[in-house]
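Novice: The primary structure of each chain is shown beneath.
Number of protein chains: 2
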Amino acid sequence: MNSPNRMLQAAKVLQESEKVLIFTHQRPDGDALGSSFGLKYFLENTGKTAVVFIPGAIPHRHTKLFAGFISEITQEEFNTFDTFVSVDCANPDRLGKPELLSIDELRQKRYINIDHHKGNSMESGFFNLVSGETASCSELLVKIFCAAKIEIPEICATPLLTGMMTDTGCFRFSNTSADTMRNAAILLERGAELEKIVNALFFSKPLNQVRFENELMRDHLKFAAEGRIAYAFIPPELAKKYDFNIKEDEGLIDLLREIDGVVIAMLLYTGPGGIKISMRSKDSAFPVGPVARFFNGGGHELAAGATFDGSAGEAEIAVVDKLAQLFE
Amino acid sequence: MNSPNRMLQAAKVLQESEKVLIFTHQRPDGDALGSSFGLKYFLENTGKTAVVFIPGAIPHRHTKLFAGFISEITQEEFNTFDTFVSVDCANPDRLGKPELLSIDELRQKRYINIDHHKGNSMESGFFNLVSGETASCSELLVKIFCAAKIEIPEICATPLLTGMMTDTGCFRFSNTSADTMRNAAILLERGAELEKIVNALFFSKPLNQVRFENELMRDHLKFAAEGRIAYAFIPPELAKKYDFNIKEDEGLIDLLREIDGVVIAMLLYTGPGGIKISMRSKDSAFPVGPVARFFNGGGHELAAGATFDGSAGEAEIAVVDKLAQLFE
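Residue numbers (the numbering used here), protein chains in the order written: chain A, 1 to 328; chain B, 1 to 328.
One should not assume that every hint holds.
No distinction is drawn between identical chains; accordingly, a pair holds when it is met within one copy or between any pair of copies.
Taking lysine-lysine and the DSS-like style, the derived pairs with C-alpha atoms no more than 25 Å apart in a straight line are [unchecked claim]:
#: 1; residue 1: Lys241; residue 2: Lys222
#: 2; residue 1: Lys48; residue 2: Lys205
#: 3; residue 1: Lys205; residue 2: Lys241
Treat the hints as calculated values from the structure; they're not laboratory data.
From a predicted model like this one, the values you see are computed outputs, not experimental measurements.
When you get a sec, could you build the whole thing from the sequences and use the hints?
Specialist: Shown next as structure tokens:
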């Protein structure tokens, strides 16, 4: 699937588009936004029209990096697009799409599915490029451009590096390969603004979040499996007290993960549809992917999540119990 | 100074050594240790004898990565070495050396000074390689090995990548160049154990430190210059309460730096010789290097420190005042 030839074909079908509508997953993170805007700017740079569709607002920290997308579209406007691309979206349920568009309809269009999640189930009838071994969808775009010997436009470099740095946890996660570093080097050479990315992603924590995290860690941190599991349920009233939007945060779980001796970190919070469970593992010998899938969730082996249909207390007992079995 | 030819010469003088004693700066961080052990393993791999000298213990987190150094030496043992190398040490005052050795004596020996600090004043009479534009001393060693077309031994890869990741803040600081990423790629290819490094450096925070940080941020965080300066004095009794060794920590200041709107972060604490001042800037338009030098300290433009001869209150007033002038 992931041969240089396949990458070339991806570049070709992208370049043969004229007016492109770009989708990504709901609650977009740095890679979803980075690959959406990296692709948009690339297409615009080659004379195409490209529009990013994001339903709703984007996280505060990303507003410094990404601007210029639509959140609504009429049927008439929609009909003017000849090509539709989804980036970084693993399955139809997660797609941030206009209401008027059904997945079945999308699959019958000139729809290009570009993703790096193993088990991607978007299933375009036209073109799919799924590269489970690539650390981020943004890096996958870099690979596509390089395979096609396209010099990456300067305007694409910052969004794409943002995506790469998000999904590799700043080149710390086990998905970081020598190739990943070389692809990041290419983006730096093409003018990616590292200081801007880092200040937005890592050094822009609102003071209310600092206070919120402080109280969360002081009063709600729990351990299981002799300290190898650290977890916390975020009470809705605590988030409200500090005006903290849980959905916005990508780094909260690292507060638990960074503790010495902890192998698996988990956050639980009340979300739409049930109790949201977010899990991270520091050790590939204890993957959280299977646990997420057991609870009908998904993700990667070391970073996964699920939604639990029940109370927070029930979720905590059920998931901690399942995680603890990994250490038995 | 930093031509490929000069790098080659450095490789040559290192290879012409037989029995090498390696020094680095006091209170060694990941780059000091990474370059010391990277060099030691390289020399041993080519059949030489190499010993790392560190006066005292190394930080807890580094004990998982680095072992096997000496902290004492007799005159007799000392006399058996033909070559002396210092890595990552900018000036004689900071050198972690045996008491029996004076700087003047060192300068007259076959002493090789390898460093990446601008304004290095070690001044060997034999050989100096100072590359102020290289992000870490560990990366400088990679450059030396590459210039000499030496395949980096696998055993050197993990220490050297540890040093590179420490001094670039995980490839986030402005000293990170495309070359830096490519040199990191080389180390990953040579077998550097990323998961081991990351778990030791970034995911090994003792629980007592978590508690300590929590209380520090809750009770001692202050702001100046309309939120652009964040600072905290660490009361000795707070560190004592949580059995936290301030000297050990390299990441504490990031708690202040990561706050949105903060441009300069500063920590003050009581140390040997006065009040220790540690400063970081997020913006090259507001460098802290000159402020550190004003108070007879040193470091890099965006990461610098000094020791203040006076009370904590006096230090706070004087340094915050000087920093605030940057924003006037």
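Novice: Taking the hints in turn, state whether each one holds.
Specialist: These are the hints, each one checked on the structure:
1. Proximity of Lys241 and Lys222 under a CA criterion of 25 Å is satisfied in both settings, with 21 Å inside one chain copy and 21 Å between copies.
2. In this assembly of identical chains, the alpha carbons of Lys48 and Lys205 never lie at most 25 Å apart, being 36 Å within a copy and 49 Å across copies at closest.
3. Proximity of Lys205 to Lys241 under the C-alpha cut-off of 25 Å is restricted to the intra-copy arrangement: shortest distance 17 Å within a copy versus 28 Å between copies.
Hint 2 from the list above is the single one not met by this structure.
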